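A.B. asks: So the protein sequences, as listed, match chains V and B. Here the first sequence is numbered in the working numbering, starting from 1 and rising by one per residue. Here the second sequence is numbered in the working numbering, starting from 1001 and rising by one per residue.
One or more of the hints may lead you astray.
[Said to hold, decoys possible] Covered stretches of chain B, going by a simulated chain V footprint (3 or more residues, C-beta under 8 Å):
hint	region
1	1019-1033
2	1104-1117
3	1120-1130
The hints are simulated quantities; they were obtained by calculation from the structure and are not laboratory data. Here the structure is a predicted model, which is why all the values come from computation and not from measurement. Even for Gly, the Cβ is constructed at its ideal location relative to N, Cα and C.
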Amino acid sequence: MHWQLYYYNYMIEIKNIHKGFNGNIVIEDVSAVMETGKCNLIIGASGSGKTVLMKCMVGLFEPDSGDVLYNGASFTQMQEEGRKELRQQIGMLFQGSALFDSMTVEQNVMFPLDMFTKLNIKQKLEKVNQVLARVNLEEANHKFPSEISGGMKKRVGIARAIVLNPKFLFCDEPNSGLDPKTSLVIDKLIKEITIEFGMTTIVNTHDMNSVMEIGDKIIFMHQGKKEWEGTNKDIIFSKNEELNNFIFASDFLRDAKDMRMLEANGKISNDRDMDTMMK
Amino acid sequence: MDFFTHLGRYLIMIKGMFSKPENMRLYWKEFMHQCNEIGIRSVGIVVIISVFLGAVTTVQTAYQLITPLIPKTVIAVIVRDNIILELAPTLICVVLAGVVGSRIASELGNMRISEQIDALEIMGINTKAYLVMPKIIAALLVVPCLVILAAVLGIWGGKVAGELSGILPAEIYNDGLLEDFIPYNVFFALSKTYTYAFIISSIPAYYGYHVQGGSLEIGRAGTKSVIVSCILILLADYALAALLL
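Excised from the complex, chain V in its bound form (with noise of 0.2 Å):
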């Protein structure tokens, strides 16, 4: 009983799912959970139906079949009524960051309170502030979205995800456009809120990166097709061929690879000592 309500606690699980348009198949058979609590994260490379597959598990494409399920609750049946309920637990950073260009950071971040809630203005304005100090950013509110930075449009999108205290984070391609140095920043903040605030967040991503710095569980999309899951950890020793192409898709990356496995098997020291791996 206890693990039931442990497995049932915002968890995603998504079954044999299939989404064409106009006779091309872009998802096939597609089924996972989504780890309770963790940073899951959809990696491939572009058209392999990453997006798609996000777009299916919030309902913004329907599945030409298959079910998606939010705590044990069919998603895909679920009335019109039921679905805005849900998604209310759910926050979303889109790939452009998707913030409403006529208002500004304060007003973007405050429209989920203003819409969703009955508290008064000061304590919009405190949850609001609340928010943007997570994201460090302080000093934004009266700015609008043309008037700041890829990285800053990127934070207030996250603000906005999270103002309501959502269940779900979804996040599509969070460093899109932005430089490695703020890629990191963006992979560490995601990966925080996901702790403090005890969210089932779903990464789409294919900035490698991210992979090994927030990704709790991985699944590797090809050409439609789950191909692979695991941890960050078993990346490095895994024997997929799809998944070693994407994934070390450089010489430098594949000797990197080669040099941890010889560590791991113990024909290498592990101390990095260049003598040693030169042998």
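Fit chain B to the given chain V structure using the hints.
C.D. replies: Positioned in the frame of chain V, the structure of chain B alone reads:
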């Protein structure tokens, strides 16, 4: 995409607008914003067009009625009826289809392309109700006001033009305005206006809401929505004239 697919998607969009608002205050705010965008921001162009419409109608009518057998008050009667029955409702709404229609289509198209509509959906907001319905209701409220303003200014423009050009004095024009006035014409003009207001708000909303692709498609949706709205206005014009007159 064929006609019936468009019609089906359009009807689904209209049906989807009717749901309980998530927060009445924000819907009201959006409605007021749209009243300002559609109504107040169109006043300038409506004023200019309607004054000149009245002026030109007076001058041209006088030019065609050169016989002394017809009293000059007839010029005012023709100007009044032309403006009330056709020019104010139809021509002003064709202009508004361009001004308001392209703005609605590009606003919604931009929101679709930049995933702002998806962001609202994810929050659990009925985007058809929140984004489309306030535009249609605002148009139904403010477009008739603009048309009434256009009719008044058009008739006034005719009077000013008649006096300035020496075609007919203001007293004769005023007498003509009161001659054979049929109040039903105003009802007919307003019936047309409500129909057009629905067309010039819902058709661009449909094209903007369903944009797919990039910024080029937003422009195409705007153009397409204006063309379709204008054609539908002309079709409705004929249909209503045949039915109600």
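A.B. asks: A separate judgement is required for each hint: does it hold in the structure or not?
C.D. replies: Going down the list of hints, with the structure as the test:
no.	hint	in the structure
1	1019-1033	holds (count 5)
2	1104-1117	holds (count 4)
3	1120-1130	holds (count 6)
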